[in-house]
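The residues making up each chain are set out below.
There are 2 protein chains.
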Amino acid sequence: MATLTERRAAILQLIVNDYIDNATPVGSETIVRKYGLKVSPATIRNEMVKLEEEGYLTQPHTSAGRVPSDLGYRYYVETLMGEEDLSPDEKRQILHQFHQAAAQMDAWLDLAAAVLARSVRNLALVTAPRSPRVHFRHAEIVSLESYLALLVLVLREVHAKEQVLMFPEPVTQEELWRTANQLNEELAGLTAPEIRARQLELTRLGQQALEAVLRLMEAEDSTEFPSPRLSGLRNVLSQPEFSNGEKMLGVLDVLEERNLSRAIPLDRIAEEGVTVIIGAENRQDAMRECSVVITRYGVPGWSGTLGILGPTRMHYPRAISTVRYLASVLTELVDRWKG
Amino acid sequence: MATLTERRAAILQLIVNDYIDNATPVGSETIVRKYGLKVSPATIRNEMVKLEEEGYLTQPHTSAGRVPSDLGYRYYVETLMGEEDLSPDEKRQILHQFHQAAAQMDAWLDLAAAVLARSVRNLALVTAPRSPRVHFRHAEIVSLESYLALLVLVLREVHAKEQVLMFPEPVTQEELWRTANQLNEELAGLTAPEIRARQLELTRLGQQALEAVLRLMEAEDSTEFPSPRLSGLRNVLSQPEFSNGEKMLGVLDVLEERNLSRAIPLDRIAEEGVTVIIGAENRQDAMRECSVVITRYGVPGWSGTLGILGPTRMHYPRAISTVRYLASVLTELVDRWKG
DNA sequence: GATTAGCACTCTGGTTGCGAGAGTGCTAAT
DNA sequence: ATTAGCACTCTCGCAACCAGAGTGCTAATC
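Protein sequence lines, in the order shown, are assigned to chains A and B.
Residue numbering for the first sequence follows my numbering, starting at 1 and increasing by one per position.
Residue numbering for the second sequence follows my numbering, starting at 1001 and increasing by one per position.
One-sided and incomplete, this derived list gives chain A residues near chain B with beta-carbon spacing under 10 Å: (1) V142; (2) L165; (3) A219.
I should point out that these hints are in silico values taken from the structure, not numbers from a laboratory.
Note that CB positions come from ideal geometry on N, CA and C, so glycine has one too.
Let's have the full structure, built from the sequences with the hints guiding it.
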């Protein structure tokens, strides 16, 4: 990214800030008046045409004020806006809520989404933490009736999965126990491919249970971006850029077909730190006016993503700091109990 | 509900039908032309003022056509519209999709919501089946590390719940097994209140596990209307009645604060059959223009709700028949595997 | 050479006025 | 009881218009 003269950078910063706050194109006069500059509007105008030529600003139409372009926002995010941090007080409040909540991953994720959405006043998205490859820990088979049993599978990644098994002939709880025990002994700690590679001596029943286990594990492995929980849809859609029903529906469409990865270039999410994806860097037209601030959280073998989605005209410093802080909180929680 | 002369009923029916299709107030002339009546527009007009006086129709303004009122829809639903049924072909298609799906309740519910939304082109809501009082079936405690274990609780209602236990001192898997076994023997088939009523001889560890079990069971018991999965939000919001961004947000608000029971008079849902709640019969202003077609499914001890939400101007026959059919499918599934 | 005052120009958004169209309610005739 | 006829009402789309905001350019100024 090219570099700007000091004054142009300053002006760009003012424009971005002002536009973020007021959602209305900002003109030369406004800027000098509001921020007490010691130059005349005309000077600002001259600088603005330069900024426009270089691609940082656009005009909705001749004779409206200027609006930051995607590039403008990018520059702002990259070099203009200061690194902000949540106040200790806010951090304390957030932490408090986590302490209040039930000690369950699900509850924490819901909470994280809710806090994020409220704090940034935009849409929060949080995916559950998972490892790229899931590990068998424990299986339990509970008889429901003679032909039917419930397989409960516990993975090292702590997600209890369940599946009903239906047998061609009646089966006793006794047999089920034996089967489960065998599986538990043989499979502990293995991944699905490792299990597949292994030759096991199994009864017919055991074979059936094993298949079910594998199916569940592989299903888990293969969803590369599990559908996130969303919170605060209302926040985004009530932003003025979407007051037009059309655009609202556009965004809604993207969100409802749960496959967000088609709209957001998730491959751009860095391993470390918060990633900001601005406007047309997203893949779908409907997202042209949206930015995503997103990060990974968790520990290497077991991580998820958490971020917020809003109009490009978003309060980036706040978004980034909140996302970062919540990621650290979740990382802590994951770390603590995964060990 | 009072009864209408035959002709008035016929006219009301035409108006409702036409309005449902076109979303535009329908006038006397349109009606005779389009449906080939053998009377003059003036006659229709006379009848329409009667219908309006009796409360079945309203005018958006003088000199627009008529629009059905809530009462009009009610009459329509109750006595005018024929009972419709899905075509065998459609039923087959739907059933087919269920056979394709993974044999898991979650998958079925998702599928039901998706099918419903698509078929009626409105918002589908589906809550998971549960019993008013949940029954203990089986507990498993898996050691995670010396101070930490995962409690997996299987209830008769087949929802695996999990909870991390943290101990004041190290605990072996051996002890955990003993504890789990004891719980399984003593608690099998009981409800939370029944467990509370019983005096149990337990170790400190057992006590802690029991508390966790009870907390989970009681949490399950107390959510009286579990938050439903939604599908097809887009469908509702793209209806012309919500083209106005304001109203869109109104509905969105109701849906996002997950507590639907505050907006919808769920107590009105009949034990048997499909319930239709029209317009202002709902509790919140934002829902004034919405109707809900909803029913229970499942078996007495283990049931959920499933329904669709759309504008009052909704294709009721189709909505009702689809809801009814899907409920029967889900009931069948619940019945089959709950036994 | 950079800055600025001055000014003509452009574009939007809100307001007004108007005519066409759709639909009504009423009256009087059938 | 029905209907033809008609005056009336209300919406909607369109054009005209104006005020306001903001620009870009030129020429004077520091």
